[in-house]
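Student: Protein chains in written order, with the working numbering: chain A, 1 to 421; chain B, 1001 to 1421.
It should be emphasised that the hints constitute simulated quantities derived from the structure, not laboratory data.
All clues given are correct.
The list that follows gives simulated cross-link-like pairs (lysine-lysine, BS3-like), each with its CA atoms no further than 27 angstroms apart:
| id | chain 1 | residue 1 | chain 2 | residue 2 |
| --- | --- | --- | --- | --- |
| 1 | B | 1362 | A | 105 |
| 2 | B | 1172 | B | 1143 |
| 3 | B | 1105 | A | 362 |
| 4 | A | 313 | A | 362 |
| 5 | B | 1313 | A | 313 |
| 6 | A | 83 | A | 143 |
| 7 | A | 105 | A | 116 |
| 8 | B | 1116 | A | 221 |
| 9 | B | 1083 | B | 1143 |
| 10 | B | 1116 | B | 1105 |
| 11 | B | 1116 | B | 1083 |
| 12 | B | 1221 | A | 116 |
| 13 | A | 83 | A | 116 |
Derived, one-sided and incomplete: chain A residues facing chain B with beta-carbon distance under 10 angstroms:
| id | residue |
| --- | --- |
| 14 | 108 |
| 15 | 212 |
| 16 | 292 |
Backbone N, C-alpha and C fix where the C-beta goes; we use that ideal spot for every residue, glycine too.
Protein chains: 2
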Amino acid sequence: MNIAVLAIGDELLSGDQPDTNTAAIARLLGSHALAVREAACVGDREEEIADALNRLATSHHAVIVTGGLGPTADDRTARGAAKALGVPLSLDPAALGQIRQRFQKWGRPMHPRDEKQALLPARAAVLANPRGVAPGFQLRHPKGADLFFLPGVPDEMLAMLAESVLPVLLAKDPTRPPTAGQRLTLFGLAEPEVETRLDQAALPEGVTVAFTVEFPLVRVKLTATGPQAQVLVDRAEVAARRALDDYLVALGDQTLAEAAARSLTAAGLTVALAESCTGGLIAKLLTDQPGSSVFLERGAVTYANRAKTGWLKVPAAVLARAGAVSSECAQAMAEGIRRTAGTDLGLAVTGIAGPDGGTAEKPVGTVYLALASAVDTRVERFRFTGDRSQVRLHSACTALDWLRRAAIAQLAGQGSAPAAP
Amino acid sequence: MNIAVLAIGDELLSGDQPDTNTAAIARLLGSHALAVREAACVGDREEEIADALNRLATSHHAVIVTGGLGPTADDRTARGAAKALGVPLSLDPAALGQIRQRFQKWGRPMHPRDEKQALLPARAAVLANPRGVAPGFQLRHPKGADLFFLPGVPDEMLAMLAESVLPVLLAKDPTRPPTAGQRLTLFGLAEPEVETRLDQAALPEGVTVAFTVEFPLVRVKLTATGPQAQVLVDRAEVAARRALDDYLVALGDQTLAEAAARSLTAAGLTVALAESCTGGLIAKLLTDQPGSSVFLERGAVTYANRAKTGWLKVPAAVLARAGAVSSECAQAMAEGIRRTAGTDLGLAVTGIAGPDGGTAEKPVGTVYLALASAVDTRVERFRFTGDRSQVRLHSACTALDWLRRAAIAQLAGQGSAPAAP
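My request is simple: use the sequences and hints to build the entire structure.
Tutor: So, in structure tokens, the structure goes:
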């Protein structure tokens, strides 16, 4: 089945808001072996909406439309759909009932403007919005394509896609060939090096390999189609894991932070953080994970030197002699936070994220990482490239990878198998 | 001038990677009064790339293409472009020279696979890539449209767009009517309420108003075209500011965190943070801002109770009696971090972000915020809806707004004008 996605909104074409819905739709459909073949985006003009709908309905079996269903005057998707099909708009009683119920449930008064969201093209079937106000709707295009209209608010859109659209698509296409896929996330290897290693790994015939860079990570997607799809992808994954070794940090949807959190939890290790240039980013990424309180005891964002000497017990002499951005300071921070928090590991980052503060000796991008354990303290100097946010992100990912590797080493030392990424 | 953007990559259509390039291109062009009228996205298949190029070149004056120029075998944009124009691919000496120079500059060996990035359609003009390896190129389509091909890596793409594409587009279209725009960011008012207030504000005729929700913020865009564009938008902005009052938290590209940072800096206030459920998110958002060390003395991520009693001096009796998620604990945290850090303000957040940990009395989404100053401590209980990341983000934005308002009140008290958002 040939599916297209159409995102509608001036804010998307002006760049004021990035379109995240198309990717979310593609992910959910893809996990059910339904592929999006084309995506398009037009603004809030009736004619352009109608033209895009007519074009996509001609070349695809289904079109999933997002955005432009809201209460404000610039939401014109229902008008565009009515124009494309040459039908009038009318106030849909079912849609209006759903809008009223939503506000009753929230215990909030309905604004008169909210009624506009029940003005739908004639013959539209209403799709319930379990999370928000604007109902969606479904139409059959004269060319035979099914058109689904969903709101632009991401979590509302996604819930309606799963509940109201996906079952219809799956029922329409019961004979689609099985497909299978697996995604691998790499940290610490450049893209051509990843491809070379995978070429040498001799993956099974019929497995497609695709690469993307998502700074500072490289992502690889393995895909296969046909009755043997899952077997082929499983075999490819085994070969890829061997070839990519411990640069492979995560599988599937897992993020690097999730992988680090999972390894730390499995190893039963506790951690405390001392962040200078990353300013809470590492703590944020770890606490994004539910259950992070099991391993994260505390974190310190120590911008001022007084915080470094007070909380982390960095000797004033170290700051005076080597400065806050130095190997000695990173080591003292890691050991200090570990002692104060009483954790298995103490991780510290200090550096110059920019745009200012660089010197000839320590240019912007100079970052020291330190990881203290009961046995020793590892300290390393890095020179990251890019702007402030890239230096911070590269520092944080390196720190998460250190934690992940420390946890895996601990598990291996305990005689357990290393935690799967 | 009628401009289209085409993003290429299976990873975009599978949703493995969201397309952020289209929005970035639209923003840069928009700031020069060049509007993107249509965006499209296709996968890494030669035929589909060629079809999309031919279609967009027929209906637009310029097409900006991103992605698929990399070293790996799944990068097929140059092939698709050659097919669309019916020309062969050949190794471009200028492009190859640029690739070699890039690796020399980095002091890294060039991988043999990197040579593929110099295989360009015949008659292509090479566009230099100042930040990465893959060069871009420019072609004239037989229908007259200018086609620009840029890499998919966002910062490389954006640098090349600014340096190599924008000047060509501006030179092509010297007579475009002036347009002006202003963006307003609101926090604490629902979308229909924002629209009602703006309707009542009687904005000048000819100004278009567009709304978008970017949880938990509402964004408004004011636009006008024609010789009076800037004057009209300026007048609309004045009226909108009056109507939206202090719910207006930021103007233009500014984020809420940036607005808070700017107000704190202007007011000369110092801050220390004590974060429980937000786990470093507030610190991260504030330290995203260059120069944040001026006002942020330190931050504590106190997940464990031992960290709350140790660093924040929360009395053990408070934790025993009221629990870590309580008004008393939030107040003690804010006052404790303020005293320890010696700052003007101490801000604390404690709550239940979920998915687990909720009770009948304190369901998931229950969050206490406290702000301690030399004068008093304000504490408030919130009940945020949504998932873990939404509860955390709503908490963090509320905290940033409190800091912003405290700084503006301080400035007003000093007799200065309130900091412009």
